[in-house]
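Residue numbers 315 to 393, in this note's numbering, belong to the letters of the sequence shown in order.
There could be a bad hint or two in this list.
What the hints assert, rightly or not - As a list, the in silico BS3-like pairs of lysine-lysine whose alpha-carbon atoms are at most 25 Å apart:
#, residue 1, residue 2
1, Lys354, Lys381
2, Lys322, Lys354
3, Lys372, Lys354
4, Lys322, Lys372
Hints in this document: simulated from the structure, not taken from any laboratory.
Predicted model, so just to flag it, every value in this text is computed and none were measured.
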Amino acid sequence: MDEVDEMKEEVESVLETLRPQLMQDGGNVELVDIDDGVVKLRLVGSCSSCSSSIMTLKMGIERALKKAVPMVRCIESVE
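Based on the sequences and whatever the hints tell you, model everything.
Here it is in C-alpha cells:
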C-alpha cells in the first residue's frame, strides 16, 4: 500500500466518524481524491445546497482531518 492509499484510508476513517452528524441533517460527504495533501470532497444530499456548507467543510471537516491526518494540507469542495 502506497502513501496515497494509506492517506485515503485515514481520511475515509475520519469521514466515517463525521458522517452520522451530516446524515442527521440529510446530507453526506464523499472522498473524491487526494492530490499532494489536498483532499477533494463532494458534499451530497442537503449538504450540497446548504448555506452553511463552506463552514461545515472548513471549520468541521477540515479541522478534524488536519488533526487526525497531519499530511492533509487543506480540503477542496468539488462538484
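Each hint, compared with the structure:
1. Lys354 x Lys381: holds (17 Å)
2. Lys322 x Lys354: holds (11 Å)
3. Lys372 x Lys354: holds (12 Å)
4. Lys322 x Lys372: Measuring from Cα to Cα gives roughly 18 Å; hence the hint holds.
In this structure, none of the earlier numbered hints is contradicted; all agree with it.
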